[in-house]
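Undergrad: Chain by chain, the residues run as shown.
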Amino acid sequence: MSVRARLAVFVLTFLGASAASAGEVNLQVPVTEIAEQIYDMHTLMLLICLLIFVAVFGVMFWSVYAHRKSRGAIAANFHENTTVEIVWTIVPVLILLGMAYPATRTVIAMKDTSDPDITIKATGYQWKWGYDYLKGEGEGIRFVSALSTPQDQIDGRADKGEHYLLEVDNPVVVPVGKKIRVLLTANDVIHAWWVPAFGVKQDAIPGFIRDTWFRADKVGVFRGNCAELCGKDHGFMPIEVHVVTEEEYSAWVAEQHARVAATAEDPARQWTLQELAARGQEVFAANCAACHQADGKGMPPAFPPLDGAAIVLGPKGEQITTVLNGRPGTAMAAFGKQLSDTDLAAVITYTRNAWGNSTGEMIAPSEIGAARAAN
Amino acid sequence: MAAVTPDQLHGHHHGPTGLMRWITTTNHKDIGTMYLVFALIMFFAGGVMALTIRAELFQPGLQVVQPEFFNQLTTMHGLVMVFGAIMPAFVGFANWQIPLMIGASDMAFARMNNWSFWLLPPAALLLVGSFLVPGGATAAGWTLYAPLSVQMGMGMDMAIFAVHIMGASSIMGAINIVVTILNMRAPGMTMMKMPLFVWTWLITAYLLIAVMPVLAGAVTMILTDRHFGTAFFNAAGGGDPVLFQHVFWFFGHPEVYIMILPAFGIVSQIIPTFARKPLFGYASMVYATASIAILSFVVWAHHMFTTGMPAATQLFFMYATMLIAVPTGVKVFNWVATMWKGSMTFETPMLFAVGFIFVFTMGGFTGLICAIAPIDIQVQDTYYVVAHFHYVLVAGSLFALFAGTYYWLPKWTGHMPSEKIGKWHFWCSIVFFNLAFFPMHFLGLAGMPRRIPDYGLQFADFNAIATIGAFGFGFSQLLFVLAIVKCARGGERAAARSWEAAEGLEWTVPSPAPHHTFEEAPLVR
Amino acid sequence: MGHASDHYFVPEPSKFPIFGSIALLLMGSGAVMWLNGVSPGNWMVLAGFLVLVYMLFGWFGQVVRESEGGSYGRKVDKSFRWSMGWFIFSEVMFFAAFFGALFYVRSIGLPWLGDADNALLWPGFEPTWPNAGPIVEEAFTPMEAWGIPALNTLILLTSGATLTWAHWGLLKEKRGQLINGLALTILLGVIFLGFQAYEYAHAYGAMNLKLTTGIYGSTFFMLTGFHGLHVTIGAIMLTVMLFRSVAGHFTPHRHFAFEAAAWYWHFVDVVWLFLFVVVYWL
Ligand code: HEA
Ligand code: HEA
Ligand code: CUA
Ligand SMILES: [Cu+2]
Chain P
9 MSVRARLAVF
19 VLTFLGASAA
29 SAGEVNLQVP
39 VTEIAEQIYD
49 MHTLMLLICL
59 LIFVAVFGVM
69 FWSVYAHRKS
79 RGAIAANFHE
89 NTTVEIVWTI
99 VPVLILLGMA
109 YPATRTVIAM
119 KDTSDPDITI
129 KATGYQWKWG
139 YDYLKGEGEG
149 IRFVSALSTP
159 QDQIDGRADK
169 GEHYLLEVDN
179 PVVVPVGKKI
189 RVLLTANDVI
199 HAWWVPAFGV
209 KQDAIPGFIR
219 DTWFRADKVG
229 VFRGNCAELC
239 GKDHGFMPIE
249 VHVVTEEEYS
259 AWVAEQHARV
269 AATAEDPARQ
279 WTLQELAARG
289 QEVFAANCAA
299 CHQADGKGMP
309 PAFPPLDGAA
319 IVLGPKGEQI
329 TTVLNGRPGT
339 AMAAFGKQLS
349 DTDLAAVITY
359 TRNAWGNSTG
369 EMIAPSEIGA
379 ARAAN
Chain A
169 MAAVTPDQLH
179 GHHHGPTGLM
189 RWITTTNHKD
199 IGTMYLVFAL
209 IMFFAGGVMA
219 LTIRAELFQP
229 GLQVVQPEFF
239 NQLTTMHGLV
249 MVFGAIMPAF
259 VGFANWQIPL
269 MIGASDMAFA
279 RMNNWSFWLL
289 PPAALLLVGS
299 FLVPGGATAA
309 GWTLYAPLSV
319 QMGMGMDMAI
329 FAVHIMGASS
339 IMGAINIVVT
349 ILNMRAPGMT
359 MMKMPLFVWT
369 WLITAYLLIA
379 VMPVLAGAVT
389 MILTDRHFGT
399 AFFNAAGGGD
409 PVLFQHVFWF
419 FGHPEVYIMI
429 LPAFGIVSQI
439 IPTFARKPLF
449 GYASMVYATA
459 SIAILSFVVW
469 AHHMFTTGMP
479 AATQLFFMYA
489 TMLIAVPTGV
499 KVFNWVATMW
509 KGSMTFETPM
519 LFAVGFIFVF
529 TMGGFTGLIC
539 AIAPIDIQVQ
549 DTYYVVAHFH
559 YVLVAGSLFA
569 LFAGTYYWLP
579 KWTGHMPSEK
589 IGKWHFWCSI
599 VFFNLAFFPM
609 HFLGLAGMPR
619 RIPDYGLQFA
629 DFNAIATIGA
639 FGFGFSQLLF
649 VLAIVKCARG
659 GERAAARSWE
669 AAEGLEWTVP
679 SPAPHHTFEE
689 APLVR
Chain Z
5 MGHASDHYFV
15 PEPSKFPIFG
25 SIALLLMGSG
35 AVMWLNGVSP
45 GNWMVLAGFL
55 VLVYMLFGWF
65 GQVVRESEGG
75 SYGRKVDKSF
85 RWSMGWFIFS
95 EVMFFAAFFG
105 ALFYVRSIGL
115 PWLGDADNAL
125 LWPGFEPTWP
135 NAGPIVEEAF
145 TPMEAWGIPA
155 LNTLILLTSG
165 ATLTWAHWGL
175 LKEKRGQLIN
185 GLALTILLGV
195 IFLGFQAYEY
205 AHAYGAMNLK
215 LTTGIYGSTF
225 FMLTGFHGLH
235 VTIGAIMLTV
245 MLFRSVAGHF
255 TPHRHFAFEA
265 AAWYWHFVDV
275 VWLFLFVVVY
285 WL
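Chains as they are written, first to last, in my numbering: chain P, 9 to 383; chain A, 169 to 693; chain Z, 5 to 286.
Please note: incorrect hints may appear among the correct ones.
As the list claims (entries may be wrong) - Residues of chain A clear of chain P, computed beta-carbon distances all greater than 12 Å: (1) Ile191; (2) Ala314; (3) His583; (4) Lys588; (5) Asp629; (6) Gly642; (7) Val649; (8) Val677.
As the list claims (entries may be wrong) - Some chain A residues close to chain Z (C-beta under 7 Å, calculated; not the full set): (9) Pro184; (10) Thr185; (11) Ala276; (12) Arg279; (13) Leu287; (14) Pro290; (15) Met322; (16) His395; (17) Thr398; (18) Ala399; (19) Gly406.
If you're looking for bench data, these hints aren't it; they were derived computationally from the structure.
For glycine and all other residues, C-beta sits at the position ideal for the given N, C-alpha and C.
With the hints as constraints, model all of the structure from the sequences given.
TA: Here is the structure:
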């Protein structure tokens, strides 16, 4: 086989393979107008590039085939031609202008976040997303959304589910056909909020608010990932958005508000050590175990153990400050912004009584409130 | 043109011998050899990391390494390949070839040249040694984005100092190259008569001098943010994490052209030789190279489309980036026109050069697709970008390095490299390369992020293929080592002009090139 | 073919570079240990520094001997000129990174932090300059341009003039003028550094302005600090030139080392002018 034939077979094999599993070889099926534009733009670009590619390499491989010494080719001696050189400078410029036009339109449309129906703030944490419904129907709803795939599936001790690594405990819910503006920020390092089917990806930059928007045309469940390296579990902080009808959305909002009312903490509630520690264990599993590990042993030296740690066994004030304010410049975040007083009290109580730690001490939610106030 | 006078053949070399010869040498050929050997070792080090990454990604789930270590591998793979393998390899070529190609007796500053090389082993020691310290190597990606890099352990500090040292090495090396080219050309060799490899290196050296200090500044700010409480990248203190990205990419984008322009130069030497026809459009090649270099300073934010810049900024950087396709296109067209109506043979260097043009252009096109801001917002930080830059870096820079090695090995060793091994190396490389990296386009488009140790089930098939390809590609590189070792030890004797139609001063000296060449400058007409 | 006079000086094998590498390895790994509280990092840095000083003395000593011994022809001289020029350019780019950072925070970063959306995170934040960020813990006084800094500008500008005067002395073979001019320049440089040190002490004490005072403190101290470091290096270079002048080196036709040090001094001077305008004044 000639070089050209070999390469042709090779390329065809790939194209064949691609066609066989369409949908997994191209951009995801778009469900917003922007994503649609991006999809079409990509197809167009691909075709233009393919065309140029075939033309240029058609010429090259023809030359490789025909002008080889073994076929008796004698070398010509030309080495410049101003006309040709000008032509092949100008023509690409024109092609590029043709490409830039639709791209410019889409960029401008993507940036237009004005007049949203609903505004949601998404905050990136290591390694989960916090959502705050700021404006529009559902205002006031807030929750944290983390990976729900069990560790056993990741470690290969259980069969992997259909949505392996792309599923969360609390998905974002939005109504279909409404303009949703998403404000992005982060608490620790840069993350990125990405839902491919919406054509949306926006970095979440700690200390800054950035925004983006989408309007989903179809109901359904759409999944994405954090798309900016954010440390150990960057691969494990997915995004799941449920686009539902307006009625379903209203129902969901009502349910959320009802749940908040039902579970509202009675600030005067008297906790026992057991109750608080039990709750703390859940909080710990959801918020701390990623770094300090469920067994409290941490992953030294990057993540210190809490089992037997001096600070956990020592006076409680210092531990409260650490968890409340974090340690700037390290992965230890300020959990004061994420967790309620009760949750903080619970998790601190838990760490002081779990594993080999048995101080028998209980931290009351009011102590957290006092520590916050002292700040 | 009798370039070599009899006394030069005596190899009157009185300096130290043994290891001390290599440590103290001021000879550009010795130093070039050291650079090349160093780069090869680092290439294998970085390659082993890549293969570990690919092994983990063979199947969904965590099997081989833990996420923390995976991120360290990704980061160090990028750093080692870029700063340890590709850049030093090109400097090695510059050392060996530039004096030979312009008829100079050596580099302008031979002692400093030695230091430029000998700074690399300490830097490599700091970089690779960081795997062994508490907390391990830095895991913030080769781009070292703040504030993640501010969180890292002491491995990050080692990487920072390694970057400082490598930067010093690159700046000294670049100044040496600029001065050698400007000041030491043989009489009669005007600028527009210089071989293209020399031209591309001249321009690359300017890029290095301009951007390596900026990288040094960027990592210095990280260092002070980490340890001295400055707030460059901390919003609470009025800084901005995105500031780091601007400074980094002001270095980073020219950096990728630093890794490709000398490759263009090598290919521009090889194609005419094996097409037996002068290079088409020499002058436009020079202008295109310069245009690429100048444009490279105004496109950096195309790596930052998703940071949320104003529309006008996005558009500016999009247009500027797209423009680079024009001069690069000129180069591709010129190479094709050089081959047109030539009388071609396909020895190993030519195979790699043709392979380079073909596969690099694919990488160029995917780069252009990335440059379209709305599309980039979809593919940024996905495997599509990984595919793009391995097409330009592996099939681009690396293939050109292979081509150049086979092309000039006769001059370096005095023996012709084995065509059989060379051809095997080429065909295995190009097939496995595409097997490894082509599926990554699909993965990226379908939504697989980069820098993740584990992924959803829908990405499993292509990842498995990519891993098989990567291992095939990696093991094919043992053929390269074999070819070099065999060539160094013996084989068919090479003539002074080792390839039938090779042009240029380097082919006027015997093969292997004697220790000292052109002590009397040759005259170029 | 070829001309014997074209012989370009290629030095013999040298042991100095490897000492330089060992020095940097010691200093690099020592600094890493020091910063992370691992002993004996500080001693390693010191050891590395001593090796570096040894290497610099040895290397430059040899260069001086070669130069005085007449090994360097006209072409080598030209190489030195090109290389010093491009070295200074690389230094310019190093400063550009920090000036760029200052420009970025002042005209892009801070205004962004203070815009309407970001009020969600930092309510009531006013992005004025000087600024230490939304979380200002302690009040500080910004640096004033028209005190010591203005005086320092004058001092550095004068030092540029005295240096040129010394150069004229060299060209006109007035060794006294050369030596006096150099000494005066160095003295002015030292006075500049003295004022700078006083200013820093004052900032840390009375003004509560520190490296950790948000972005204002960061940019102020990093820019002026790196400049001060360069003044120090320049002053050391000039001191070497002073000793060489006393020892009778340099002729009106061959004194590149002197010129290199002078170029460097002027570069440091120009950086200061930029600093004065954008860091202190505006
Ligand atoms: C050798 C290295 C190299 C080279 C040469 C290039 C070349 C190009 N690169 Fe690439 N790039 C990288 C290395 C390189 N890149 C790396 C390492 C990264 C990732 C860094 C990281 O995040 O870790 C990256 C990332 C990267 C991005 C950011 C992606 C993202 O993170 O979202 C973008 C976006 O614009 C881009 C664009 C381009 C373009 C337009 C070119 C152009 O120069 C290509 C021009 C060439 C052609 C276009 C083909 C030939 C032309 C013709 C045949 C003419 C006719 C054609 C037309 C008119 C269409 N590159
Ligand atoms: C500069 C050049 C360069 C080169 C040559 C390569 C070469 C390779 N890279 Fe590269 N890669 C980068 C630069 C480069 N890479 C960069 C900059 C990044 C981004 C990093 C980041 O995200 O921060 C990256 C990231 C990157 C990723 C993404 C990781 C992630 O996002 O998590 C992957 C995944 O497949 C990958 C794979 C490979 C492979 C398989 C090769 C192959 O070509 C390697 C070939 C293999 C060998 C050469 C090994 C040979 C060894 C043997 C055969 C064993 C024999 C053993 C002994 C002799 C001891 N690379
Ligand atoms: Cu969060 Cu990646
Ligand atoms: Cu780029």
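Undergrad: Next, verify each hint and record whether it holds.
TA: Status of each hint after checking the structure:
1. Interface exclusion of isoleucine 191 of chain A from chain P stands, the closest Cβ pair being 36 Å apart, more than 12 Å.
2. Not every CB of chain P is more than 12 Å from the CB of alanine 314 of chain A (nearest about 8 Å), against its label as outside the interface.
3. At the 12 Å boundary, the C-beta of histidine 583 of chain A stays outside the reach of chain P, the nearest C-beta of that chain being 23 Å off.
4. The beta carbon of lysine 588 of chain A sits about 17 Å from the closest Cβ of chain P, which is more than 12 Å, so the claim that it is off the interface holds.
5. At roughly 7 Å, the least C-beta separation between aspartate 629 of chain A and chain P is not larger than 12 Å, which violates its mark as non-interface.
6. With a least CB separation of 20 Å from chain P, glycine 642 of chain A remains clear of the 12 Å interface cut-off, as annotated.
7. A cut-off of 12 Å between C-beta atoms confirms that valine 649 of chain A is not in contact with chain P; the least separation is 25 Å.
8. Non-interface call for valine 677 of chain A relative to chain P: holds, since the shortest CB-CB distance, roughly 25 Å, exceeds 12 Å.
9. The beta carbon of proline 184 of chain A is positioned within 7 Å of a beta carbon in chain Z (closest approach about 6 Å), and the interface hint is therefore held.
10. Restraint check, threonine 185 of chain A versus chain Z: the minimum CB separation of about 10 Å is more than 7 Å; hint violated.
11. A cut of 7 Å between beta carbons decides the hint on alanine 276 of chain A: the least distance to chain Z is about 4 Å, and the hint holds.
12. The criterion of a C-beta within 7 Å of any C-beta in chain Z is met by arginine 279 of chain A, whose closest approach is roughly 5 Å, and the hint holds.
13. The restraint placing leucine 287 of chain A at the interface with chain Z holds, with a minimum CB-CB distance near 6 Å, inside the 7 Å limit.
14. Look at proline 290 of chain A: its Cβ gets to within about 4 Å of chain Z, closer than 7 Å, so that hint holds up.
15. Interface restraint check: methionine 322 of chain A against chain Z, minimum CB-CB distance 4 Å, threshold 7 Å, status holds.
16. Among the interface hints, the one on histidine 395 of chain A holds; its C-beta lies about 5 Å from the nearest C-beta in chain Z, closer than the 7 Å criterion.
17. At about 4 Å, the closest approach between the beta carbon of threonine 398 of chain A and any beta carbon in chain Z falls short of 7 Å, and the interface hint on this residue holds.
18. Using the Cβ-Cβ criterion of 7 Å, the hint placing alanine 399 of chain A at the interface with chain Z is satisfied: the shortest such distance is roughly 5 Å.
19. A least Cβ separation of about 3 Å between glycine 406 of chain A and chain Z falls short of the 7 Å threshold, and the interface hint therefore holds.
Going through the hint list in order, the structure does not satisfy hints 2, 5, 10.
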